[in-house]
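Protein chains: 2
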Amino acid sequence: MGAHHDVVWQTYAISMAERIRLLKQSPFVLWFTGLPGAGKTTLANAMAKRLHDMERHAYVLDGDNLRHGLNRDLGFSVDDRRENVRRTAEVASLMYDSGLITLVACISPFESEREFARGLFPTGQFVEVFVDTPQAVCEQRDQKGLYRRARAGELSNFTGIDSPFERPESPELIVDASESSPAQCADAITGYVIDQGLLIADWTPPEQ
Amino acid sequence: MGAHHDVVWQTYAISMAERIRLLKQSPFVLWFTGLPGAGKTTLANAMAKRLHDMERHAYVLDGDNLRHGLNRDLGFSVDDRRENVRRTAEVASLMYDSGLITLVACISPFESEREFARGLFPTGQFVEVFVDTPQAVCEQRDQKGLYRRARAGELSNFTGIDSPFERPESPELIVDASESSPAQCADAITGYVIDQGLLIADWTPPEQ
Numbered sequence: 001m002g003a004h005h006d007v008v009w010q011t012y013a014i015s016m017a018e019r020i021r022l023l024k025q026s027p028f029v030l031w032f033t034g035l036p037g038a039g040k041t042t043l044a045n046a047m048a049k050r051l052h053d054m055e056r057h058a059y060v061l062d063g064d065n066l067r068h069g070l071n072r073d074l075g076f077s078v079d080d081r082r083e084n085v086r087r088t089a090e091v092a093s094l095m096y097d098s099g100l101i102t103l104v105a106c107i108s109p110f111e112s113e114r115e116f117a118r119g120l121f122p123t124g125q126f127v128e129v130f131v132d133t134p135q136a137v138c139e140q141r142d143q144k145g146l147y148r149r150a151r152a153g154e155l156s157n158f159t160g161i162d163s164p165f166e167r168p169e170s171p172e173l174i175v176d177a178s179e180s181s182p183a184q185c186a187d188a189i190t191g192y193v194i195d196q197g198l199l200i201a202d203w204t205p206p207e208q
Numbered sequence: 001m002g003a004h005h006d007v008v009w010q011t012y013a014i015s016m017a018e019r020i021r022l023l024k025q026s027p028f029v030l031w032f033t034g035l036p037g038a039g040k041t042t043l044a045n046a047m048a049k050r051l052h053d054m055e056r057h058a059y060v061l062d063g064d065n066l067r068h069g070l071n072r073d074l075g076f077s078v079d080d081r082r083e084n085v086r087r088t089a090e091v092a093s094l095m096y097d098s099g100l101i102t103l104v105a106c107i108s109p110f111e112s113e114r115e116f117a118r119g120l121f122p123t124g125q126f127v128e129v130f131v132d133t134p135q136a137v138c139e140q141r142d143q144k145g146l147y148r149r150a151r152a153g154e155l156s157n158f159t160g161i162d163s164p165f166e167r168p169e170s171p172e173l174i175v176d177a178s179e180s181s182p183a184q185c186a187d188a189i190t191g192y193v194i195d196q197g198l199l200i201a202d203w204t205p206p207e208q
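Respectively, the protein sequence lines represent chains A and B.
Quick note, the first sequence lines up with residues 1 to 208 if you use the numbering used here.
Quick note, the second sequence lines up with residues 1 to 208 if you use the numbering used here.
Hints are supplied without guarantee of correctness; some may be wrong.
Pairs count within a copy or across copies, as identical chains cannot be separated in the list.
With a straight-line Cα cutoff of 20 Å, these simulated SDA-like cross-link-like pairs (lysine to any residue) come out [said to hold, decoys possible]: (1) K49 - I200; (2) K49 - I194; (3) K24 - Q10; (4) K49 - T190; (5) K24 - A183; (6) K144 - W9; (7) K49 - M16; (8) K24 - K49; (9) K24 - R50; (10) K24 - M54; (11) K49 - S15; (12) K144 - F76; (13) K49 - T11; (14) K24 - P182; (15) K24 - R56; (16) K144 - I161; (17) K24 - L120; (18) K24 - H52; (19) K144 - F165; (20) K49 - L23.
Everything labelled a hint here was simulated from the structure, so no lab data went into it.
Could you build the full structure based on these sequences and the hints that come with them?
Okay, here's the thing in structure tokens:
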């Protein structure tokens, strides 16, 4: 374990308030959780496109892509999945602190790590979106062919097959990509963040 | 190890070129390496202030602060130090990809991990700044009292005392915070990035 009690916190010369005044926006986090193939990446990117069109600065942290870089040392055991989500949450926290609207697409199968992630952000700034597409639909689509391989025993520790997915207990939003198109889901998410005051058309800078 | 060959790379809806056009800047990385107490954090923050005053969007990744979050599971063994720098470099790569000018203050004592970091960025976009303040000066200042504790045997694996620091072989810049004030060092760094075309007063968006 880290001896972080020996490490002194360094104060930054430029504060988050100064960064977001320059960016002309207030950040928040959209955290997409759900089974493989539920539509998390599709929705995160649909929201990234919308935010970009609204001239908001956003960034997508995609769980699959992080496994090619930051999390490439991690596998799919329960412990590695927990660490995978922990690191993803910590990076999301840094992105948020930089002032960027941060969109996370990550299976994040366990409630404890999703709650850890939530705890890194001010109340109301973390929006958990449960992409609750029925597993039968995810498996039928199987765009990456991974369910087929998991059923064939070629992949182990696959979420929904031989690794558990704990349904979110109190997500801010639930969308079902089998009943709604990506655009409809993005409408619901956009409506929510506007209703919550997270996305404001006429943005004014915060007080220093 | 991760079975990342099973993980499909997800393409983003918004490209880096689109992000940086909206941000009205091109990102680059300033990587500050050096002994504890050399002045890395001070210089990273001095540059963050300058960039902010120039209305550039930047973010500081401070090695000490990352040890309170992303890297809190890591200690100070050689292996943990390598992993600490690897993760820091991967996060810097994400920040850079988001379009932010990324300032890293991290002892990063080993050439191999600094070279790994460099390899994550396009040629010329990674600027290694060796803060080559003599150890005697770092130790005399000892602002955090850590050299004293390391000499007293209260801290082990302390860089410069009982953990090695490999001098950078070919940094883009060398500054010595014992000979120059932080403002003078920042002048040298600013001059370099302007000379290299990394920082342009009249920024024009890249071609799509």
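Each hint tested on the structure:
1. K49 - I200: within (17 Å within a copy, 28 Å between copies)
2. K49 - I194: within (16 Å within a copy, 32 Å between copies)
3. K24 - Q10: neither (26 Å within a copy, 29 Å between copies)
4. K49 - T190: Cα proximity of K49 and T190: one copy only (12 Å, versus 34 Å across).
5. K24 - A183: neither (26 Å within a copy, 28 Å between copies)
6. K144 - W9: between (43 Å within a copy, 10 Å between copies)
7. K49 - M16: between (24 Å within a copy, 12 Å between copies)
8. K24 - K49: both (18 Å within a copy, 18 Å between copies)
9. K24 - R50: For K24 and R50, both the intra-copy (17 Å) and inter-copy (19 Å) Cα distances are at most 20 Å.
10. K24 - M54: both (12 Å within a copy, 15 Å between copies)
11. K49 - S15: between (28 Å within a copy, 10 Å between copies)
12. K144 - F76: Classified as within; 17 Å inside a copy, 40 Å across copies.
13. K49 - T11: between (34 Å within a copy, 13 Å between copies)
14. K24 - P182: Neither: 28 Å inside a chain and 29 Å across chains, both beyond 20 Å.
15. K24 - R56: Both: 8 Å inside a chain and 13 Å across chains, each within 20 Å.
16. K144 - I161: within (15 Å within a copy, 51 Å between copies)
17. K24 - L120: Answer is neither; intra-copy 23 Å and inter-copy 29 Å both fail.
18. K24 - H52: Both. Shortest intra-copy (13 Å) and inter-copy (13 Å) distances satisfy the 20 Å Cα cut-off.
19. K144 - F165: within (19 Å within a copy, 45 Å between copies)
20. K49 - L23: Cα proximity of K49 and L23: in one copy and across copies (18 Å, 15 Å).
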